[in-house]
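*Asks:* The residues making up each chain are set out below.
2 protein chains.
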Amino acid sequence: MPVETITWKNGKIRFIDQTLLPHKLKYVSTDDIHRLWRAIKRLEIRGAPAIGIAGALGVVIGIRTSKAKTFDRFLKDLQNASGYLGSSRPTAVNLFWALKRMERAAGDNRSKSVAEIKHILLKEALKIIDEDMTSCRRMARFGSRLVKHGSRILTHCNAGGLATADYGTALGVLFESKRQGKTIKVYVDETRPLLQGARLTTWELMREGIDTTLICDNMAASLMAKDGIDMILVGADRIAYNGDAANKIGTYNLAVLAKYHKIPFYVVAPISTFDFNIKSGKEIPIEERNGDEVRTVSGKLIAPKNVKVYNPSFDVTPHELITAIITEDGILRKPYENKRYE
Amino acid sequence: MPVETITWKNGKIRFIDQTLLPHKLKYVSTDDIHRLWRAIKRLEIRGAPAIGIAGALGVVIGIRTSKAKTFDRFLKDLQNASGYLGSSRPTAVNLFWALKRMERAAGDNRSKSVAEIKHILLKEALKIIDEDMTSCRRMARFGSRLVKHGSRILTHCNAGGLATADYGTALGVLFESKRQGKTIKVYVDETRPLLQGARLTTWELMREGIDTTLICDNMAASLMAKDGIDMILVGADRIAYNGDAANKIGTYNLAVLAKYHKIPFYVVAPISTFDFNIKSGKEIPIEERNGDEVRTVSGKLIAPKNVKVYNPSFDVTPHELITAIITEDGILRKPYENKRYE
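These protein sequence lines map, in sequence, to chains A and H. Count along the first sequence from 1, add 397, and you get the number used in my numbering. Count along the second sequence from 1, add 397, and you get the number used in my numbering.
Some clues are possibly wrong.
A pair holds if it fits inside one copy or across any two, identical chains being indistinguishable in the list.
Below 20 Å or equal to it, Euclidean Cα-Cα: the simulated SDA-like pairs (lysine to any residue) are [to be verified]:
(1) K582 x K702
(2) K731 x S677
(3) K736 x Y707
(4) K656 x I668
(5) K421 x K697
(6) K659 x E717
Just so you know, these hints were derived from the structure itself, not from any lab.
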């Protein structure tokens, strides 16, 4: 069973506070848009598809109290909520994709009453959740074609159920491969600074009984050199028109190592992660986060407290290092501009 | 002033417990060989040259209480102490080099009395410290020729004063460059799992007023991609005849990234780090350490407590990825078998 990362329940958004995992599985329910903003900012909710869902549901709670009588006035309230939610994290395009889709759903129904539009927006958000579930299953099936029995697979950060409404992107491929009876061995990068690999991915994989081994980020090359890795599977936060993919910091590092060691490197992401408005990865804004994320671990200082820090949350893997991109519509190969699905 | 990492004082070995840095600068004095063994095992004393010195001084305290009347009996006591010390950490060759040198010093004086030999062994250990100081200064001078004004330099783990009896190997080059008036900017990999970069290298560099920025190990590629690094300087724990170099886990990772980004990659190490008995890095034994080093940070659990872990302490960088090796006798270039110094 997938984890219930983010759902709509009794008129509130119910989500797992992922900062407490793997030690504590705590659900939070809220109808407060500020609480939700903080949850996205603090990475209580994280992962590109899950952030998109949070954005859509966030619009629903954001406009619920709108007293607007006219569409134009209502649209302004909606855009306020949407702009506010969009300011939480700049890199994941799924957030902006979901916010735009909510705005379009409102616009398409401008002749209806505000009460009716509010209802339509809730339905639209639930539809986004539904579509995410379906697309996770489809990506998993396409991706599992590439996984051989006995494969040793490396993954980075968390591209699992905790990043989506279902089984995840990269991890969905692993879950599906296991369901098909393939024996796999998965290595998980701990993924500093926020340790999503160590905290979340190991937890999800072990929960499904998959053979899981944790490594520090800097151990991947050593494993590859001794021929211990057959393939790499990661998620993405934004993919440019040419296939350049932004994902959690350290992904590009792995892609360079994969090329040197001739190991296939796959990105698993729904079409909503593509940003067709930007030609290449150079245009993707990279969020830089607070240096204390690096200076501390679980609140403990691990370095001089006044040391300078460089803390980009993402890096961009150029398309030439990506063997294929696995989407819900099929597997894309280079040149990615062609969008020809296998 | 270099830190006093390990010295001989009032008949005891005095060393810094490096596991407590940067929060606490604590000196430990001991004449107990078991305490010293534990200090090496636990990385209170670490860094190849410093471990060599600890080994030599360890022999001195190990044979001090020997009641042997004959040389043969004394040699047995010495070999017991030496074998015990050698079992603390398998990878750094400087340890075995120092232990062998102490044994040879005893053998060369077998006709003398046991009391005299004990005195000679202390003198030999102090000579090793002295030579390490001299060789640090010489490496620093040779290495500084390669550092340009304005260079942005990346280093890994700790190859500083805390790893030697003086200013260090790779960091010695930085200290000397600064002394010569060159402006440099240094990026430091935090170096998981034991965070020697975050804890020790930042502390040493900031103590000398060098512009220091801490990054997570997986951020190096991102920095290189945006043309932020001019050169990489690391130490080594054992170098094979062909130039393959074992160093802290993550070093090989950097070397692959450096090649991809066309950044020069330098190893700084004294000749005692060369193991001429082994042809290539394949023969270097790699220490695997306890998985709890990865599962925890500063005693705090950061992953499921029963997750499997792969935790090699070192990796091997093949000679073809090393631009040059900086030693106390000069700069070596490929092919390293030639041992032609620049």
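*Asks:* Run every hint past the structure and note whether it holds.
*Replies:* Consistency of the hints with the structure:
1. Taking CA atoms no more than 20 Å apart as the test, K582 paired with K702 passes between copies only; the shortest distance there is 19 Å, against 39 Å inside one copy.
2. When the C-alpha separation of K731 and S677 is checked against a cutoff of 20 Å, the pair qualifies only within one copy, where the shortest distance is 14 Å, while the shortest distance between copies is 38 Å.
3. Within a single copy, K736 and Y707 get their C-alpha atoms no closer than 35 Å, and across copies no closer than 39 Å, so neither meets the 20 Å cut-off.
4. In this assembly of identical chains, the alpha carbons of K656 and I668 never lie at most 20 Å apart, being 25 Å within a copy and 34 Å across copies at closest.
5. Taking the closest pair of Cα atoms, K421 and K697 come within 20 Å of each other both inside a single copy (19 Å) and across two copies (14 Å).
6. Taking the closest pair of Cα atoms, K659 and E717 come within 20 Å of each other both inside a single copy (13 Å) and across two copies (17 Å).
This entry does not satisfy hints 3, 4, going by the numbered hints stated previously.
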